[in-house]
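Peer 1: Go by the hints and put chain B onto chain A.
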Amino acid sequence: MILQVENPVVEVHDLTVSYDRKPVLWGIDLTLPAGALVGVIGPNGAGKSTLIKAMMNLLPPSSGYVRIFDQPLKQVYSRISYVPQRESVDWDFPASVFDVVLMGRYGQMGLFKRPRKADKDAAMEALEKVGMQSFADRQISQLSGGQQQRVFLARALAQNADIYFMDEPFAGVDIATETAIIELLRQMRDQGKTVIVVHHDLQSASEYFDWVVLLNMRLVASGPTEQVLNQELLEQTYGGKLTLLSKVGDLLRKQEFPAREKG
Amino acid sequence: MQDFLEFFSFADANIRYVTLGSVLLAASSAVVGCFTLLRKRALVGDAVAHAVLPGVCLAFILSGTKNPLILLIGAFVTGWLSLVVIDYITSRSRIKEDTAIGLVLSVFFGIGILLLTSIQQSGNAAQSGLDKFLFGNAASLIGEDLIIFSVVAVLLLVSVIFFYKELTLLCFDQAYARTIGFPVRGLELLLTTLTVFAVVVGIQAVGVVLMAAMLITPAAAARFWTENLKVMLVLAALMGAFSGVAGAFVSYTAPSMPTGPWIVLIVSMIAILSFALAPGRGWIARILRRRRNKTRILEENLLKLLYQLGELRQDYGNARSIEELLERRNIPKKEALSGLQKLKRQGYLKKEDKRWLLTTEGEKRGRRVVRLHRLWELYLTQYVNLASDHVHEDAETIEHIITPELEQKLLEELNYPDLDPHHARIP
Numbered sequence: 001m002i003l004q005v006e007n008p009v010v011e012v013h014d015l016t017v018s019y020d021r022k023p024v025l026w027g028i029d030l031t032l033p034a035g036a037l038v039g040v041i042g043p044n045g046a047g048k049s050t051l052i053k054a055m056m057n058l059l060p061p062s063s064g065y066v067r068i069f070d071q072p073l074k075q076v077y078s079r080i081s082y083v084p085q086r087e088s089v090d091w092d093f094p095a096s097v098f099d100v101v102l103m104g105r106y107g108q109m110g111l112f113k114r115p116r117k118a119d120k121d122a123a124m125e126a127l128e129k130v131g132m133q134s135f136a137d138r139q140i141s142q143l144s145g146g147q148q149q150r151v152f153l154a155r156a157l158a159q160n161a162d163i164y165f166m167d168e169p170f171a172g173v174d175i176a177t178e179t180a181i182i183e184l185l186r187q188m189r190d191q192g193k194t195v196i197v198v199h200h201d202l203q204s205a206s207e208y209f210d211w212v213v214l215l216n217m218r219l220v221a222s223g224p225t226e227q228v229l230n231q232e233l234l235e236q237t238y239g240g241k242l243t244l245l246s247k248v249g250d251l252l253r254k255q256e257f258p259a260r261e262k263g
Numbered sequence: 001m002q003d004f005l006e007f008f009s010f011a012d013a014n015i016r017y018v019t020l021g022s023v024l025l026a027a028s029s030a031v032v033g034c035f036t037l038l039r040k041r042a043l044v045g046d047a048v049a050h051a052v053l054p055g056v057c058l059a060f061i062l063s064g065t066k067n068p069l070i071l072l073i074g075a076f077v078t079g080w081l082s083l084v085v086i087d088y089i090t091s092r093s094r095i096k097e098d099t100a101i102g103l104v105l106s107v108f109f110g111i112g113i114l115l116l117t118s119i120q121q122s123g124n125a126a127q128s129g130l131d132k133f134l135f136g137n138a139a140s141l142i143g144e145d146l147i148i149f150s151v152v153a154v155l156l157l158v159s160v161i162f163f164y165k166e167l168t169l170l171c172f173d174q175a176y177a178r179t180i181g182f183p184v185r186g187l188e189l190l191l192t193t194l195t196v197f198a199v200v201v202g203i204q205a206v207g208v209v210l211m212a213a214m215l216i217t218p219a220a221a222a223r224f225w226t227e228n229l230k231v232m233l234v235l236a237a238l239m240g241a242f243s244g245v246a247g248a249f250v251s252y253t254a255p256s257m258p259t260g261p262w263i264v265l266i267v268s269m270i271a272i273l274s275f276a277l278a279p280g281r282g283w284i285a286r287i288l289r290r291r292r293n294k295t296r297i298l299e300e301n302l303l304k305l306l307y308q309l310g311e312l313r314q315d316y317g318n319a320r321s322i323e324e325l326l327e328r329r330n331i332p333k334k335e336a337l338s339g340l341q342k343l344k345r346q347g348y349l350k351k352e353d354k355r356w357l358l359t360t361e362g363e364k365r366g367r368r369v370v371r372l373h374r375l376w377e378l379y380l381t382q383y384v385n386l387a388s389d390h391v392h393e394d395a396e397t398i399e400h401i402i403t404p405e406l407e408q409k410l411l412e413e414l415n416y417p418d419l420d421p422h423h424a425r426i427p
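Protein sequences appear in the order of chains A and B.
Take the first sequence: its position 229, counting from 1, is numbered 229 in this note's numbering, and each next residue is one higher.
Take the second sequence: its position 307, counting from 1, is numbered 307 in this note's numbering, and each next residue is one higher.
Some hints could be false.
Distance ranges between label pairs, derived from CB positions [claimed, not checked]:
| hint | chain 1 | residue 1 | chain 2 | residue 2 | range |
| --- | --- | --- | --- | --- | --- |
| 1 | A | Arg253 | B | Ser256 | 55 to 61 Å |
| 2 | A | Ser144 | B | Ala285 | 19 to 25 Å |
| 3 | A | Ala176 | B | Leu312 | 40 to 46 Å |
For the record, the hints were derived by calculation from the structure and aren't laboratory data.
Keep in mind the model is a prediction, meaning the values are calculated, not measured.
Ideal Cβ positions, reconstructed from N, Cα and C, are used throughout, including at glycine.
So that you can see chain A by itself, here it is in the shape it has in the complex (with noise of 0.2 Å):
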């Protein structure tokens, strides 16, 4: 049950990301649809955040290409907008949320440039939005994981992007921070934006997520969550690690052989 849409905003072609030779994602086909809630639905280690990575150009693809708005990523950086994971930063950094926030207009603003008065009002709007602007001068070594998250969204909320690539956005949140994103990110869909969240919980992705994409090393399914989410696929994505896929990956990178035989 894969979906390929007319028009996509995101095309994943024949898209191969190996680490240290060894590939974690085999040939994906992928395209997504404009306006959606996307989710990206895995076991650990499946390779969700792999994907997210590649699609940004974060990661070299072993084989195949991304493009969004059918060009490649590099023309169009002004319209897309990337949340890390929470982790990947170190927050004991000497900043203020305020000065992490308006890191989201450092792309409009372009090099050497100082922010302007109105890169500070779509920061402080951003903060609104995800409901921190009392917290703007806090020293971000003093957030909350669920503050932390917030503050990342605002950043991208900032960007005032066309699609948003999140990475985990829920891991670790409390609750209400959890409601307060997916109520922001529906809001986000109905401007007409395109939101891709990966995510690790299917308890709560059929209720989230109008579009979801299986993912197990390779694409197990991409559609309408109701004709996704089914036993059958779910246990294909779940249902054990293909064994020989990752045997094979690990041989690949013993032998140091390419992933591809011209690369």
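Peer 2: Only chain B this time, still in chain A's reference frame:
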């Protein structure tokens, strides 16, 4: 003392130059060091510092002069090369970065010492003074040297101001920087180049062996005092500058003393003082905080004890002797007495012929501690599913740190309960 006055009157032009040079060098490397530190690449500075020595020697062998510009270029080339080699080893083999740094540092430095020794034994008269690059000599910062080194130092400061926003984001969240289209490779290259330049200009004052300290120590010390990056940069620059001046002064009064070790010793003293004295993060602040917590626990335990006795005997208005208190709870008598005295001074207790009595405020505070203790016990049994005989110890500490807001939340979650898990009334 006379030396001191003579030096700090800056009447001698040489002194002015040497001081200016040291300040610029130390401040510029401290500022660049802040970013190296925040990028968690502190060790890289050390590798570069050691790797410039072969460059200096090679430049001298090839040119036969001690022209600072030529030596500087030589230093830059090998400093840069060392970083390229570290990157190459890390990305192309299973060797981790720290190992690669160790390898590169010792190999480059070894070659440097080899070249230096052979130059010294070649009998070339021009070579004298080349060994100053090992430990530095601020006093030689005059004339053409000073101009060249100062120009580079000012360039470093200007680049950091110019690229402040970009470097900050690079250090905080590199992946994000790439997704907004920042030329991350270019910025990495820039920071690397700045680091190499900072090292190259700094060796004149500090020498290759100790240069890493000039990069990292002021930054680490400054970090203790502030949570604001701009303030941190200024502070690090000031600390670097101060030690630069102090080092230049030592050079002036005792020309046989190597400048570098002095500068490094002074900046290290500043760092140690910062670790000890800085508010919040500092070592003394932490000790004080711990002491304050301990006193608070003692005081609240005493109030709680008096309240519980009143509760037990249904007579809050009666005074108790210290023996009665210690019978119920094992507190060293001396500690208990000083705690009681202090509570009396604060107005929570009254003393009536050697017996202690709660004032209205004291009773209130004692009651609150008892309430928090029982609320927490109830919370643990109901929400954490602990057995009721396991919750007392936990509640003994938690009762002292629950804030009024948390207390309100507890009350709401537990639906304003009357009894704790041991069926004691929650006051």
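Peer 1: Does each hint fit the structure? Answer for all of them.
Peer 2: Do the hints match the structure? See the list:
1. A:Arg253 with B:Ser256: 55 to 61 Å: 59 Å, holds
2. A:Ser144 with B:Ala285: 19 to 25 Å: Check passed, 23 Å falls within 19 to 25 Å.
3. A:Ala176 with B:Leu312: 40 to 46 Å: 41 Å, holds
Figure legend: structure checked against the earlier numbered hints; every hint is met.
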